[in-house]
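Enquirer: Using the sequences and the accompanying hints, generate a full structural model.
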Amino acid sequence: MAELRTEEFLVNMGPHHPSTHGVCRLILTMDGEKVVAIEPVIGYLHRAIEKICENRTYPQCTPLMDRFEYVTAMATEHVYALAVEKLAGLEVPERAEYLRVIMVELNRIASHLIFWGVTAMDVGAYTPFLYGLREREDIMDLFEITCGQRLTYNYIRIGGVSKDIPPEFVPKCREFVKMMWSKFSDYEGLLNGNPIFLGRMKDIGVLTPEAAIAYGASGPVLRASGVKYDVRRNDPYSVYDKFDFEIPTQPNGDCYDRFIQRLDEMKESLKIIEQALDNLPEGDIKCKVKPKLKPPEGEVYSRIESARGEMGVYIRSDGTTKPMRVKLRGSSYNHLMLVPEISTDVLIADVVAIFATLDIIMPEVDR
Amino acid sequence: MDLISHIKNLLLGLGIAGKHLGRHAITIQYPEQRYDIPEGSRGIVVLLSDKETGELNCTACELCMRACPTAAIRIDSHRDENKRKVLDQFIVDNALCCFCGLCEEACNFSALKMATKYEFSTLDKDDLTWDVKKLQEVGLDVDYVDTRKKKKPKPAKPVSDKQASTEPAAPAKDNTETAAEEKPPVADETVADKPADTATEAADTPVAEPQPQPATDVTTPTEPTEEKPPPSPEAPTETPVEKAIPKTEDKKEGDQTDASA
Amino acid sequence: MISPVFAVGELDGLFRWLNELLVSIGLPQPWQDVIMYAALSATVFGLLALIALFLVWWERKIAAHIQQRFGPMRVGWHGWYQTVMDALKLLQKEDIRVATRDKVVFFWAPVICFVAAFSAYVCMPFGRGLIVADLNIGILYIMAVTTFTVISLLMAGWGSNNKYALLGGMRSAAQVISYEVPMVVSLLAVILYVGSLSMVDIVESQSGWFNWFIFRVPFGPIAFVTYTVAAIAEANRTPFDIPEAEQELVAGYNVEYSGMKFAMFFLAEFINMFTVSAIAATVFLGGWNGPWLPSWVWFMGKTLSMVFLLMLVRWTYPRLRVDQLMEFAWKFLVPVTFANLILAGILKYLGYWE
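Residue numbers (the numbering used here), protein chains in the order written: chain A, 18 to 384; chain B, 331 to 591; chain C, 322 to 675.
To be clear, the hints were calculated from the coordinates, so they are not data collected in a lab.
Watch out, some of these pointers could steer you wrong.
[Unchecked claim] Listed below are the simulated SDA-like cross-link pairs for lysine to any residue, each with C-alpha atoms no more than 20 Å apart in a straight line:
1) 200/A / 353/B
2) 484/C / 26/A
3) 349/B / 26/A
4) 349/B / 151/A
5) 200/A / 348/B
6) 200/A / 340/B
A quick note: this is a predicted structure, and the numbers were derived from the prediction, not measured.
Expert: As structure tokens, this is what we get:
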């Protein structure tokens with residue numbers, strides 16, 4: 018009998034695939050169910066945001082920033098506003114900074130809720146996704162009464178925020194925080210101890226601290242590998258140095274740790290929101306900014322801790338109303354490059370879990 | 331023992347899912363039930379009309395057009411015999427609009443607003459481009475706070491064009507308003523004339539900045555102005571622009587207090 | 322010749338009337354049988370199609386309510402005939418056939434899947450006397466016929482000439498064959514105790530108060546749990562739905578199917594779910610036995626409770642990975658079920674709980 022011939026085959030996972038969170042394409046070289054090699058292909062969501070920014074005035078770029086990373090649009094606006102303020106030397110009122118912090122932290126929770134639901138969905142549990150979105154809706158409602166939009170806020174502006182919070186915001190926000198604290202028991206009960214979930218997540222896609230640092234990973238992915246690094250703590254911006262919060266870390270750096278890490282971070286964000294609501298100062302919400310803002314010549318890089326990791330904006334100004342060059346740094350890009358690195362000796366189902374727990378969002382990769 | 335704790339956790343999950351089974355749905359049945367849109371939510375751009383006269387508040391100052399990051403707004407205007415601006419056409423391409431609200435904030439005359447309306451789906455993409463009639467019609471029942479000067483416009487007095495050019499924004503508005511009362515907007519000047527109009531008369535317009543269209547990568551009717559207008563007009567207009575700034579700020583403050591009240 | 326016995330008023334009268342009619346027009350005996358069986362099959366087929374459509378609607382409703390949504394609400398009261406409309410829509414849809422398909426295999430896969438799913442009901446006791454044919458090898462027949470599904474899934478995976486479909490087909494072959502073992506062995510424990518393969522005998526041995534096998538004998542609960550787990554896998558449902566794992570293989574074996582062919586796979590899946598639940602109800606929960614209510618109500622009630630459990634599990638748990646699935650079958654379920662079988666044998670030999 019002739020020897021059986023076996024061969025590896027290529028599977029195109031994406032750009033249209035239920036679990037690639039947008040339009041990422043992973044070229045999988047498979048040996049049966051085993052994945053031999055992964056090659057991510059990006060660029061399907063390229064909208065040339067950086068280039069468009071060069072043709073827009075500084076205030077006009079803010080709506081574009083919403084589209085850079087739309088799951089935590091507040092954070093993107095925040096980092097851009099910080100960069101331009103640094104460039105133009107603007108003093109932001111303290112109340113505005115507090116409002117920014119509240120919004121960004123709320124948005125971080127919203128993003129982690131989506132992560133929580135989507136990760137559960139990617140390993141096959143459908144229901145948590147809806148529970149996650151249910152709580153996220155409340156956050157969106159808070160945003161809508163504040164700035165009038167639910168996804169692309171255009172709220173954090175250069176020099177402050179666009180509108181003051183309405184009087185009903187603070188009680189509603191407190192109510193939300195209280196409600197959110199009570200939901201964690203459901204969240205943890207649904208998945209955290211589930212043996213199927215543990216089997217799918219434990220010891221899958223282990224990311225060592227060395228590899229994480231070498232690949233420039235940041236945010237929850239880095240912290241889940243045990244590296245205690247958070248831009249909010251290590252390079253405080255805005256008013257984050259006034260808050261008391263923990264930087265949670267996890268020991269193993271596997272998928273399960275990355276999953277738990279987000280749950281822990283939600284709790285810390287809730288703590289920050291509580292403190293910010295307690296200490297919310299009165300005052301202006303925006304400093305005087307000329308409509309035709311012309312920052313002096315120069316360059317600036319500002320960075321913040323977004324829900325996915327370090328997010329940065331580099332702006333070079335030539336003294337006109339429009340930036341000469343804008344470069345956006347999204348942490349998803351680095352995290353996507355981790356997928357081939359940590360997917361060694363895995364099955365196709367693990368690739369999905371790894372991809373999900375890295376919380377990659379494609380607009381941030383492709384820009 | 332592992333097995334027992336595993337079974338316990340599995341049952342716990344089932345319990346949580348089962349607990350939700352009896353709860354009421356949190357979603358709504360959309361066309362019949364509707365979500366309460368909070369005041370201040372940003373929906374479709376509409377043009378506002380004066381509550382008393384029913385005329386449009388718009389003075390064709392083109393500030394919103396300039397503020398728009400996606401060039402969704404197009405304004406056509408012409409000068410009447412008194413060199414006052416008359417609005418001919420106000421076009422919003424809702425397909426381009428990104429609902430950022432910058433136009434609303436740029437407007438000093440309570441002329442346009444992002445209403446809390448959101449339903450404008452059509453089967454034809456062209457139907458998303460709304461002209462002045464449609465925008466006014468949709469905006470008729472939109473409540474707003476009039477932040478313009480409360481006093482009625484003075485009777486139209488002949489203003490020489492040189493005087494008008496040096497005056498700041500407010501009188502210009504009055505002029506245009508009276509002009510609008512006298513004469514309904516007629517498209518006697520074609521769109522094609524418009525860029526030339528802007529280029530030559532930029533120095534005369536009080537609020538107009540001879541800034542090229544911000545959205546250079548989007549095709550706009552004012553594309554010809556892309557050929558850098560002479561830098562000289564920028565200097566004379568610097569003063570009116572500077573004057574307009576505190577105005578914008580004041581207006582915004584007023585808006586917020588009203589919204590929060 | 323096994324003669325069909327229908328004992329519910331109207332239906333029974335109808336069949337008697339049909340039989341008399343056939344006799345009166347003087348058809349030869351074989352033709353009479355053929356027509357009678359065709360009429361019976363049509364009845365069961367129609368009933369099952371209705372059940373399948375109902376189950377689709379029910380599943381959507383349960384999923385929606387677990388997730389605090391409404392689910393289908395538009396077509397009829399709470400969207401009760403939504404699935405009928407969906408089926409009509411699927412009928413009208415274009416049957417897209419991949420150019421590179423294996424023509425014969427691609428065509429026959431859904432047909433076999435559909436037929437295999439339905440033919441299990443030849444000896445399913447819906448109630449006292451409500452059985453098409455009480456075969457003396459009833460349960461063996463059901464297990465044998467439902468296993469045909471795996472061939473169809475493999476055919477679908479191969480015939481589609483799609484890598485996702487192929488992976489799905491291979492997975493389903495591995496999965497269904499693996500879980501067939503614990504499933505049959507856990508049923509064997511009961512069969513051993515009853516001493517008959519006939520479905521009617523199994524049900525009748527459970528008549529009386531709390532004589533259901535799940536309560537009556539110590540190996541009952543274990544066999545029930547192992548059977549349920551294996552049955553979920555057999556019906557390709559979460560947490561064992563790896564053949565069509567949406568997040569991994571998009572739709573698995575039926576990724577290239579559309580229109581009515583897809584509907585056949587889809588309905589067959591729900592019929593399979595009903596089959597495994599019905600077997601559980603018959604073998605472990607006493608089948609049609611129960612006080613006061615008509616026998617078929619008890620049968621349907623027990624079966625639908627099982628279906629409900631399966632649905633709750635479906636919408637709660639994550640999916641196992643393919644290697645964990647096989648490990649679970651061979652390293653846990655098979656030893657447990659065999660130990661259970663030995664326990665049942667010993668108890669039978671010692672004559673306890675007769």
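Enquirer: Would you mind marking each hint as holding or not holding in the structure?
Expert: Hints versus structure:
1. Between the alpha carbons of residue 200/A and residue 353/B the distance comes to roughly 15 Å, so the proposed pair stays at or under 20 Å and holds.
2. At most 20 Å may separate the alpha-carbon atoms for a hinted pair to count; residue 484/C and residue 26/A meet this at roughly 9 Å.
3. Simply put, residue 349/B and residue 26/A have alpha-carbon atoms about 45 Å apart, too far for the 20 Å limit, and the pair is violated.
4. Distance check on the hinted pair: residue 349/B and residue 151/A sit about 16 Å apart at the alpha-carbon level, within 20 Å; holds.
5. This hinted pair checks out: residue 200/A and residue 348/B have alpha carbons roughly 16 Å apart, not beyond 20 Å.
6. The straight-line distance between the Cα atoms of residue 200/A and residue 340/B is roughly 19 Å, inside the 20 Å bound, and the hint therefore holds.
Hint compliance for this structure: hint 3 is the single one not met.
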